[in-house]
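Student: Chain by chain, the residues run as shown.
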Amino acid sequence: MAHPAMTPLERFAAYARGEAIDRLPCVPIIGNTAARVTGVKVSAFRGNGRTIADAQIASYRRFGYDVVRVFTDLYTLAEAMGATVHYPEDETAYLEAPAITSVEEIERLRPVNPLRDGYLPRHLEAMGRVVEAVGNEVPVTGAVTCPFTTASFLIGTENLVRLTIRNPEAVHQLCRVALESAIRYAEAIIAAGCTPSLTDPMSSSTVIGPRQFREFSQPYLKRLIEYIHLSGKAATLHICGKTEKIWEAMADAGADCISIDNAASLTAAKRSVGHRVRIMGNVTPSEVMLQGTPADVRRAVRSCVAEAWDSPRGYIVASGCSLPTETPFANIQAMMDSVAEIGWPVDIQEVSLLPEGEGGRRPDEGAAVPSGFSPAPSP
Amino acid sequence: MADKEQAEYFKELSDAVLDMDEERTVTAAQDALDNSIDPYEAIQNGLSDGMARAGQLFEDEEYFIPELLMCSDAMYAGLDVLKPHLKATGESRGTVVIGVIEGDTHDIGKNMVRIMFETGGFHVIDLGRDVPPQRFVDTARESKADIIALSTLMTTTMDGMGTVVKLLNESDLRAGVKVMVGGGPISPGFAKRIGADGYAVNAAEAVKVARELVARDAVGAA
Numbered sequence: 017m018a019h020p021a022m023t024p025l026e027r028f029a030a031y032a033r034g035e036a037i038d039r040l041p042c043v044p045i046i047g048n049t050a051a052r053v054t055g056v057k058v059s060a061f062r063g064n065g066r067t068i069a070d071a072q073i074a075s076y077r078r079f080g081y082d083v084v085r086v087f088t089d090l091y092t093l094a095e096a097m098g099a100t101v102h103y104p105e106d107e108t109a110y111l112e113a114p115a116i117t118s119v120e121e122i123e124r125l126r127p128v129n130p131l132r133d134g135y136l137p138r139h140l141e142a143m144g145r146v147v148e149a150v151g152n153e154v155p156v157t158g159a160v161t162c163p164f165t166t167a168s169f170l171i172g173t174e175n176l177v178r179l180t181i182r183n184p185e186a187v188h189q190l191c192r193v194a195l196e197s198a199i200r201y202a203e204a205i206i207a208a209g210c211t212p213s214l215t216d217p218m219s220s221s222t223v224i225g226p227r228q229f230r231e232f233s234q235p236y237l238k239r240l241i242e243y244i245h246l247s248g249k250a251a252t253l254h255i256c257g258k259t260e261k262i263w264e265a266m267a268d269a270g271a272d273c274i275s276i277d278n279a280a281s282l283t284a285a286k287r288s289v290g291h292r293v294r295i296m297g298n299v300t301p302s303e304v305m306l307q308g309t310p311a312d313v314r315r316a317v318r319s320c321v322a323e324a325w326d327s328p329r330g331y332i333v334a335s336g337c338s339l340p341t342e343t344p345f346a347n348i349q350a351m352m353d354s355v356a357e358i359g360w361p362v363d364i365q366e367v368s369l370l371p372e373g374e375g376g377r378r379p380d381e382g383a384a385v386p387s388g389f390s391p392a393p394s395p
Numbered sequence: 024m025a026d027k028e029q030a031e032y033f034k035e036l037s038d039a040v041l042d043m044d045e046e047r048t049v050t051a052a053q054d055a056l057d058n059s060i061d062p063y064e065a066i067q068n069g070l071s072d073g074m075a076r077a078g079q080l081f082e083d084e085e086y087f088i089p090e091l092l093m094c095s096d097a098m099y100a101g102l103d104v105l106k107p108h109l110k111a112t113g114e115s116r117g118t119v120v121i122g123v124i125e126g127d128t129h130d131i132g133k134n135m136v137r138i139m140f141e142t143g144g145f146h147v148i149d150l151g152r153d154v155p156p157q158r159f160v161d162t163a164r165e166s167k168a169d170i171i172a173l174s175t176l177m178t179t180t181m182d183g184m185g186t187v188v189k190l191l192n193e194s195d196l197r198a199g200v201k202v203m204v205g206g207g208p209i210s211p212g213f214a215k216r217i218g219a220d221g222y223a224v225n226a227a228e229a230v231k232v233a234r235e236l237v238a239r240d241a242v243g244a245a
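Protein sequences, first through last, are from chains G and E.
End of the first sequence sits at 395 in the numbering used here; the numbers just go up one at a time, nothing left out.
End of the second sequence sits at 245 in the numbering used here; the numbers just go up one at a time, nothing left out.
Just chain G, same shape as in the assembly (with noise of 0.2 Å):
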């Protein structure tokens, strides 16, 4: 190992620069499961900045994964303007009730203000004592759902695929006041000194067409994408589901990194984009990651090396999404653990005499090794 004792900015920095790393990146996405890291009740966590920070905190002390993302749910901009969220006990949010019912009442709808709506703010704070807690040596994210989505949750999902079809400008209406509230999001988050960690799961192809993709969700991701990168920022966007068919337009959209969930080929992806984005995934959350064992959690990360180490600007080892709350500690570290016996540069041999796994890796894309490789940098 190059360095046994890299943080995880040293090993990103590293990466990037194309130089010897002790291990590749790697991001068990935690959420929720922050809450059992310090025993609380997930329901601790609304409204409450400190609950959240600590766990989340502690959770990456415990484990030393690579980027520590703010997040409980996906509503919390919806909910900041005008949404209704149901917080079970010891569960995840969801979404109650959207903002409103009917097109005539989008004119109602306000950008937020995140100093002052919903649980921004307390948000916020959780981003801000992360980041003075472990800022230092690990980057620190905050969540934000984009536009299409939040649309999704502020008019309610049914009716606005409907809408993609019926009222197209309606939908662009929605997806402008999302924007800008994604935007100002953002600028916070920034302020907070944090980055921007894009979720859009209802751009998904499993949702939505890519064609409608391109014309309601895409312009406005450039558009929140150009803002962080403004601020001199990378983005990443994750896209759970069937995504295959937008890659290139999730590229388009100047995402820096990728991150696909196990609907999707890591291997299709890195010959796609690989030469654009950075790609991350995609250990499957529920069956490996929540049902499976340590063993299990082993062979999808290695199957999922085997397939992406390789990919030109870099590759993240990471679930396909954020795990479930329930997730074994075991297999969080045993994910960790395997990475880090994988170790740098990457023996793809050994890595290939190791079992197949479920990463998703078909037999007819075997990993071919590249001479001369190194990772290009990435911004």
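One or more of the hints may lead you astray.
[Stated by the list, open to error] In silico DSS-like cross-links for lysine-lysine, where the CA-CA straight-line distance does not exceed 27 Å: (1) G:LYS258 - E:LYS231; (2) G:LYS238 - G:LYS258; (3) G:LYS258 - E:LYS215; (4) G:LYS238 - G:LYS249; (5) E:LYS215 - E:LYS231.
[To be verified] Here are some chain G residues pointing at chain E (derived, C-beta under 8 Å): (6) SER118; (7) GLU174; (8) VAL177; (9) ARG178; (10) GLY225; (11) GLU231; (12) SER288; (13) SER302; (14) GLU303.
Worth flagging that the hints you see were computed from the coordinates, not collected in a lab.
Remember, it's a predicted structure, so these values are computed and weren't measured experimentally.
The beta-carbon is built from N, C-alpha and C at its ideal position, and this holds for glycine as well.
For this one, chain G is given, so just place chain E on it according to the hints.
Tutor: What follows is chain E alone, placed relative to chain G:
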């Protein structure tokens, strides 16, 4: 009989649904009635056929959720015209109790499955979202259901599906009721592990699986 072939009325209904054209579907349905087309056949060979074709385009990733919802809007509009004229003895392929497991309020996937069931000739009892496991079993008992269909989008609520199977096993209903599961985090392996009888990856597949389950059961009983 009318000046057009029966098949032409069916095709117009089917095409209007596939083209997501609500008005055209209503017109086609009225036209079929005016020309003494049997409403049951108009639903089966016209509207349902259109939805089945839409389901195929969905599987082929040419249609997505927005198109499928629009097709179903057209289909329901046509159904509103035809249904009042159905003779009371409309054949049914069986009764399905469907719902989203307690703790989950995402119901767009379940709604798609319900639509495909209905257009596929099943009688559907929709319990909605956030449904406690016991209610599935109670409703299956009251309605003499053939199938319980469970959906969830969240990993956190998957266990509730196992609970339904368990409650069903503990009841005296298990022999007559098949359980099928689906939704984002669900896999065939998980379905097997909890003792479900069927798994479907999407709404179009669900109706095929349901038909197989009911048919298999009929063979088993014969």
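Student: Of all the hints given earlier, name the ones this structure violates by number, lowest first.
Tutor: 6, 11, 12
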